[in-house]
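Protein chains in written order, with the numbering used here: chain R, 1 to 361; chain U, 362 to 926.
Mixed in with the good hints, there may be bad ones.
As the list claims (entries may be wrong) - No farther apart than 27 Å at their CA atoms in a straight line, the calculated lysine-lysine pairs in the DSS-like style are these:
id, chain 1, residue 1, chain 2, residue 2
1, U, Lys469, U, Lys510
2, U, Lys746, R, Lys38
3, U, Lys649, R, Lys38
4, U, Lys618, U, Lys578
5, U, Lys746, U, Lys728
6, U, Lys649, U, Lys618
7, U, Lys611, U, Lys649
8, U, Lys469, U, Lys412
9, U, Lys746, R, Lys165
The set of hints was computed from the structure by calculation and includes no laboratory data.
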Amino acid sequence: MDNLLPRIHGIEHRCRSLCALEGEQEVVSFLVGTQSMKNDNIVHLFELDEEFGELIDRSYHHNRGEIWHIASSPHSRDLISTCHSHVENEVNLVSGATVWKLAGSNEEPILEELGDLTAHNSTVRSTEWGVEGCEGALCSLGDSSLVKWDIDSDVREHSFCDLPKRSFPTALRWNPHSSGNQVGVASDQHVRLHDLRTMKCTTVIDGAHSQTVRDLDFNPNRQYCIATCGDDCSTRFWDTRNCTRPLLTFSNHSHWVWRVRYNLRDQLLLTGGSDSKVSLLNVPSLASVDPVDEEEEEEENKSPEKEEMREGILEEYDKHEDSVYSVAWSTADPWLFASLSNDGRLVLNKVSKEIKFNIIL
Amino acid sequence: QSTVSSGINAEYGDCENTVKLLIKALKDTLSDPNISAAQVVETTDMLIELKVPAEDIVTLYLDTAHITLQADIDSVSDPPEDQDILEFLDTTGYSFLGSVSLTISTFKTAFCDNPNVVIPDNVLEERLSEFAYLHFSAYFEHMQTRFTKETQSPDNALLVRGLDRFYRRLQPVHTLLPAASLDRIASEIVTNTIRYRIQYFSDTLHSHYSETVSDVKQSLLVSQPPQFEGQHTLADIMSTTKASLVGKLKLVLVNVKEFINTDITFANKPYFRGPFCVHDIKQGLVLKYVEHILSDVAEMGDNLPPSLLLVMARLCLDFQTNTISYLATLTEEMFPPDSSAVPELLSPTVPELAAIAGDTVQQVLTKYVNIKGLSISQMIHTSVKTRDWLSAVEPRNVRAAMKRVVEEITDLDIQIGALFEEGAVRGPNSDSSRRAHSHNGSRIASSKYKYTPSDTESSLLNKLFNDQVEIFGNIQFTKLSILTGVIKIGLKAFLESVRLRTFGKYGLQQVQVDVYYLREYLWRFVEEERLLNFLLEEVVSSAVDRCIDPVTMEPSVIMLLCEPS
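One chain only, chain U, in its complex shape (with noise of 0.2 Å):
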């Protein structure tokens, strides 16, 4: 009895170590990962019969899957260097793919659709998607890497058909496991390399410009000496830069609209269609263009040639009127957003951004009155300081400074009228008064100012007659108000030049010889005669109260003195 006991415990004792050596063997088998899907069902029934629980089968099978996928994420994470990204995605970023997808059906038909397998199905999805969702993260999170390096390369169309197949690709994937949200990820790579594009496209557009501004200043240095043939060439500069500027914008748009294409997929997706077109486009990328350039205009400074501010004043006038809303109109028609999808209007909108432009070319007009202004005032303070006023002989002629301040402004009045329309003439001046004043010589030089019955009164008396002309206010955007503007403050520095010095009779003389001079050369430069007859006035009355022996040259004397020889 002992002897069948025993042998049948012996006969067990080998079936079991033969079930073991069976179940091993099945194991072996299940964890080649070269198996075929059919293999995997086999085996794994096989296993059942065994009484191997379904979850170690399950977890076997997904550890071996682990192996080669974790070998196709390496590859993709060190690509080879030579590779485009087309070719990348058809190699390495392929592999990775096909054996995902083939992981996930094989798992389905050996597990989720197999009767003998008893773990709820519920279960299983979780296991599988937790399983994707880890391989796929570290996926991702590679190719992200590969595309946002392309975004810096030159060739937009490459990187818009990669980005199409790489989406493209995944859809299939996508479908066979919708619950591990690959679709979601996927467009979220998409957009954020569009993003990292239109950043790229947006710091192209930025450096453009300044290389832009530095040839115009480059070339305005160069042909400093104010030989500007004829009036043609700041205007052209102008256009010239303005165009620039805009084609390149157009350039761009059109690359940024190769990611909208119709024949590309995620194209249809709702964000491209809507926010896409106003926040990333309108506002991200064409607007902060704008807006980068009208406040680079605002920060220049006179370190700059002053006619480089004056072109520049030009343009942001130009971006002003019509410019801005073109461009807004461009992007409109170029990226239509959906009806349906209308997100809120960001800041700047293209009415603030116009009166910004505006705000601009004020600022930039102010600076290069004043710097013109300043240089004039320097001539003419320069010559009142240093000649001998008191022990002066009579006067034969103009003095030479005060032709060239009547050529210095000749010349801001051709470059000015170059790029600025002409302004209108203001106040009571006709022709006729006009001619009234040359005929006689103007009220600068009458008796009036043989005596003063006090220093101020006489002043006062002006101020009165001339209902206090404003002599510091805003500049308009028109060449007469800008020359005035110069002229303004070159006439005071006189003014203010004559008062620290003192006069004999003919340093006087010589005062009211140059003033009549001005006087004639400059009315046609200013807005109002009335203002240029107030400071005229004021320097000639200045001089009499400094001049011991005021004694005032006759109108005709003067007339003949400043005839052009």
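The shape of chain R in the complex, shown without the other chains (with noise of 0.2 Å):
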């Protein structure tokens, strides 16, 4: 299957939202939004076959305008919510954002509208399903309010909070170290972490990047250790406890960063910028020790072949020629991602066998 990545497939529209399908373990899915203002919009879902290399591509039509963001629950393969706007009478911008049901047959896929997320806010930027803990729950980010909702049968608002006026918010992630009762939110220069239980900010990281930032995410393994990224063209990384300086930066793209990825194993990042590229990061010293690790080291089996894999830039993959807006890695496979370019191009590619080995062994 290896050989037969990475593989390049063209959507038909313009798109920047991309998220694995969370909820599904097994095949690889990756989920895709269009973003056209003149033809109908539609999500994407992709399935790869890795062992034939076959890409099946399933249409739901979007009903509700282009889509700015797509995100899809951990906890049921069927429910994903998107952000999306469409113009009315040419003058009126109506924004919004909804949860769907990945419904109707394989031939016919049809999305079934759940519910509206897009109370208190006039534009909604994005949402996010909630992880373990915190089954059900969804929080959606828009212009003037973090809004935080109960979804099973229905969506329910559940509670929200105000952001400062004029901010500009681009950002939501949530903590999968606080069960369930933190998201972080990046808007501007700054990152602010919110307790979902008060809905208060509580813990500010000022100026995270010279210019706006675009992307945040937590590390899956350690607490208190998140990565960023912004119009500053870099990648930066810190620790929640003290956020006066960032414990490491990587200028790693040429131009703004629109995406930041932990993998589960979390010494590797993706992002990808508008330079058209996407970087592989390996940032060993801010990562976890994997216990299984520590086991072999007291055995003295550590291969001699190991080279240390150095701090940095591990890949730079080259195969957009638009700026990439998204990158996810695949919930089925660990060591397989998809990014997404403004022009269409999706790409699947993976992890090379050497920097797998080097990192497993």
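From the two separate chains plus the hints, produce the assembled complex.
Here it is as structure tokens:
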């Protein structure tokens, strides 16, 4: 299968939204939302048959307009949410967000609207589904407010808080170590952590980047460690207990960095930028120690050929010709990832064997 | 009979006592440090006649001498505070040498050259050498301390003369007792002292460099509002800085040269003819200085004024092209190594340093381009982010933000142009094509953009026609290349900002006007017009994509709106 990657697929419209189908652990699946002002918009569900290399594309009609952001539930493989907009009467930009159910049949896929997520906001920038400890929870981030929702058979607002006026929020991420009680919000040049029980902001990283922060991600294995990226072309790492200065800074792109995502092996991260590159970063100095590795070290069984991979850019993938707006790791195969650029190009790729073995062994 | 023997016994006893008293008296004489050499010889001879073992006499003599010498050493270890090095050498430094010389020559006369003393020569020599070595060790330790202290003084001539006098005065003593290797130890003291001195000079150079950079930074911060009086200011600052750094080095070299003047005794040693010139001076002082400067510049970050980065980049470029080799040649002329003593080549070599200098220029210029590029990006992004593009009214003029961008780039053109050569324009852009563009309003406003067959298709077609223009690449050391780097980053930001908004008909037309204006005023700042066109066309085509009613403005109207009022 590995020699069938990288797999390049062209989608017929502009796109910037991509996520893995988080509730699917067996089959490599990704969701892509189109961004077309003139044509109908589609949520594509791509499934990759790793054995034969077949890429199945199921198209769900999205009747709420162009898609700016897409997210899927880690607990239920047919629940997704999109942030969207369309123009009414040639002068009104109507923005919103919706929870959908992937329904219908294989031949006739249908998006069933489950509920509306627009409350308190004129524009919803991002939605994120709750991780461990908070099944059925979802947060939406808009220009005015951060809202928490309960999702099961319908969509119910749980609580909300107002955000500082005139701020431009860009990204939202759930903290996996907080039992579902903390989210991180990126807005202008700052990052704020909110406690969802009170909805109040508990920590601020002031001036995390010298320009707009585009994305953040929590280290899946280590508490208090987050990564951020932004328009100052850099990727930074922080300890949220002491936010005065970053732990590390990488200038791994020559223009705005749109996405940063940790792999489950948290020394690896992917970033995508408007320089059309996808970058694989190795940050062993801030990674957690794998309990399996510790045992092996005690047995003095370390492979002699293992070279310490140096910290920094491991690989630069240049399969895109336009700005890369999104990257995502697969939830079915931890070494496989997808990247999406403005021109509708979806690339599926895998971390090389050398790197993979270097990390495992 | 018993009375006779007892009488003889008594007399013998008296004689014994007398002899003992005599020996004691003679020993007391010998224990007097102030007796003359002749007295020592006389006393020694008498003691030998009295059957005193020669070894004991030698020991007694040396023990006595030790007292004097120890006193001299003590005063050397604790000299008066206000004495300069020459006074010191003439007084406390000198008395020890005098005492020890006298001791050695007296020893030789009294024992080595004395036929009455039956100790073999080599044993005597060994005893003497051991004795001398012991005392000289302590003496030399204190002398080194004194000289090391002197290396921190600003008076170089005095230090040189001091070392010379010290070394010269030691020669006669060395001749007296070659077995003690006094010359070798004295040379070591001289060499160590000079090395510490060179380290002192090195530190001086490095702090002078830091101060100079600090001064430049201050003067650039003060005149920060870009009101540079013409093109000269940055270039002046750069050449003044360079002259100051080079000048200081020359001053230091002149000082160091005093150590190997022809009238200096130790300068004739082979060490100073070869390894000193190459190892200590050229590598350890001059090239190390260059290395220090280069690594400091490479570390310069974005917390410093960008114009400082520009100045230092130019400085490093000069270093790469001629300053480093100039300094190396100058050093070789002032400190020509003996052809017989050519030590192995050390790293870094002159070509290696020149390469490092080139890399440093690249690093610094890249940082500069990023800083300025991001600042322009911010201007553009903010202006696009906050405007209402959907219900905009018909455009009447170019947006203020665009004019600010052009002003900023024009300023940069002056600043960068003051320091770097123009650079060459690349690509099929002759003047004729430029004229053609400005007359029929360019392809940008053509009817091609009235409709888009499909979003991705038009962009792909663009790329085919433009055959993959490379947006991000290495910067050349020319004004055009640097400016192009800045402009590229800014225009890419324009593109990304446009893609985040939604446009009405007039919003799109405003973008057209802005883009036309940028093209009119930025073409002369870029290396490759094709690149500028590509980026600007991407901006417009993205706006078309994001427009609900893409009706473009007539080229003639666009031109009119962009006319300077």
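Against the structure, the hints come out as follows:
no. : hint                : result
1   : U:Lys469 / U:Lys510 : violated (36 Å)
2   : U:Lys746 / R:Lys38  : holds (22 Å)
3   : U:Lys649 / R:Lys38  : violated (65 Å)
4   : U:Lys618 / U:Lys578 : violated (33 Å)
5   : U:Lys746 / U:Lys728 : holds (26 Å)
6   : U:Lys649 / U:Lys618 : holds (18 Å)
7   : U:Lys611 / U:Lys649 : holds (14 Å)
8   : U:Lys469 / U:Lys412 : holds (21 Å)
9   : U:Lys746 / R:Lys165 : holds (15 Å)
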